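Required output: the full structure, derived from the provided sequences and hints.
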Amino acid sequence: MAQTETRTTITQVTAPRARRFRLSSITPSSRYYWLRLLLENPAAVLSIGFIGLIVVLAVLASWIAPYEPTFVNPAERLRPPSREHWFGTDDLGRDVFSRAVYGARISLVVGLAVMVGSMLLGSLIGLIAGYYARVDTLLMRIMDGLEAFPSILLAIAIMATLGSALENVIIALSVVYAPNIARLVRSTTLMNKRQPYVESARAIGLRDSVILRRYIFLNSLSPLIVQCTFVVAFAILAESSLSYLGAGVPPGIPTWGNMVSDGQAQLQRAWWIAVFPGMFLFLTVLAVNLLGDGLRDALDPRVRKR
Amino acid sequence: MTAYILRRLLLLIPVLLVVGVIVFTLIHLIPGDPAAVMLGREATREQVEALRERLGLNEPFHVQFFKWFTNVLRLDFGNSLFLDQPVTRALLDRVQPTGLLTLYSLTLAVLIAIPAGVVAAVRRNSLLDRLLMVFSISGVAIPNFFFGILLILLFAVILGWLPSSGYVDITDDPVEHLKHMVMPTLALSFSAAGLMARLVRSSMLDVLHDDYVRTAYAKGLPHRHVILRHALRNALIPFLTIVGISLAGMLGGSVVIETVFNIPGMGRLLVQSVTRRDFPVVQAAVMVVAAVEVLVMLLVDILYVYIDPRVRYGSD
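From first to last, the protein sequence lines stand for chains Y and H.
Going by full-length UniProt numbering, the first residue of the first sequence is number 1, and it counts up by one from there.
Going by full-length UniProt numbering, the first residue of the second sequence is number 1, and it counts up by one from there.
Worth flagging that the hints you see were computed from the coordinates, not collected in a lab.
Just so we're clear, the structure is a prediction, and the values are computed from it rather than from any experiment.
Don't be surprised by glycine CBs; every beta carbon is placed ideally from N, CA and C.
Any given hint could turn out to be false.
To give an idea of the chain Y side of the interface with chain H (calculated C-beta under 8 angstroms), a few residues [said to hold, decoys possible]: (1) A157; (2) A160; (3) T161; (4) L237; (5) S241; (6) L286.
Given below as structure tokens:
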């Protein structure tokens, strides 16, 4: 019965008309209380809205973009924003709005893929290091070593060896942010493994892999989700920096980073080429960060910021 | 206390070793023959073989690593493939712009963060407190290269007050030097200033509720005195770590900012070397920055021993 009750509440939460009233019906004892806290936070709701918009742009890019992102039209060079070209055109006559819409794809794909990659890699390392004391020191010294590099520098160095390609950007940034996740998972693992439920799981003879997955990893999930949100933001920022420097995705593909770089050369004559994609980048990262803050406050109300 | 410092120094060895292994291994992760990749398509078989020999790529991995690492400890990174000079020389030529840029940015960030954080904590929820929040949240979200470009747009293109890029040596013309450094410094310090200010604010808030602050007020000390002498001094203890971490962020950020403003520093050299496939330079630049960072964090930890007696007693 309790099951159906929470179900109905949750569908009503997402139904916009009844939201205000229904949201408050989720009590602190409900397991969906965090959702209520999150949706009562205006910054988080705005952020979810903006991220949703960017996701729609990225997914539907070929329908939304009025022009081909790589369509060169010398007759329309360096046109300021107008009704035909919302964000103007660049020095090759390409439509800046269309390119910015396609650029959203790269940023989102990198953000999400790096989140998954670094979470898998980092969680695995963190679980092993936290659970098996024998390899702890070795693994954590390697993480120390990786963290000694400023993250963008390590990413550049890895890109230098792997060469520019989308999948290499994802690999490089997953390696860069894995230590961060590993450290977090290790500390929750150290805490969880002393808990009575883990001891009892061991006592009834469950295999380590099951204990790690079911009793330790799942209990680390809420701080992990928060951290993963921030990894998305870091990864989008880092990808744009790599693209800006010409060390990321190959130059032919429009990304927010390389559009800003192209635009810098035309700053005297055409500010719009750099400013629009840059604003997209800024607002997206801002929204993801604010969502992360909101999730943190909602999932762990004890550490609510003052 | 000496024992603590000694132990920290000893811990430095494994970390630097791991850093070295990572940097060294990178060159071996190049798909195919590193020597052929570095020389490009036009290289003859003899040239490739000669470079393999010069880089020692024909020897077993651990022998190569040992030789490379002992050379690195003597600050010998071999010769640049592109610049026709030793890598160490090339880096030394470019230390000044990077070092000064980082120094200016760190100073500016601290000078903004401490007063802003203190005022925001003392006048909690005031307009200034809210502005600080907006400032720091934007600082973290805006890519530093884009912020740099917005600065160029405003101060160079629209207002025409500052040169849009380039670098002037401080010994040649200090005034022009500073003019060229204003925008890079602002761009590099923005996010760190916001983060630091937030930290000062939250640790001030912690401290303001402590007993000794209440005692200070109770014995009739003026507000200013309590805030600056009693609260701030203790609030600044965790600040030191953020300064260390920010320095790392700035060393990384300077790679991007030097490219934005065309400053001939180590970061610019690193980016150029990546496109030139000049791997000895890439390795050296990355290694040097990581080593600096490790040393800074060590220095921070040691400073704690002097600043905060609790660390001293807690350690043994």
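Checked hints:
{"no.": "1", "hint": "A157", "verdict": "5 angstroms, holds"}
{"no.": "2", "hint": "A160", "verdict": "4 angstroms, holds"}
{"no.": "3", "hint": "T161", "verdict": "5 angstroms, holds"}
{"no.": "4", "hint": "L237", "verdict": "6 angstroms, holds"}
{"no.": "5", "hint": "S241", "verdict": "5 angstroms, holds"}
{"no.": "6", "hint": "L286", "verdict": "4 angstroms, holds"}
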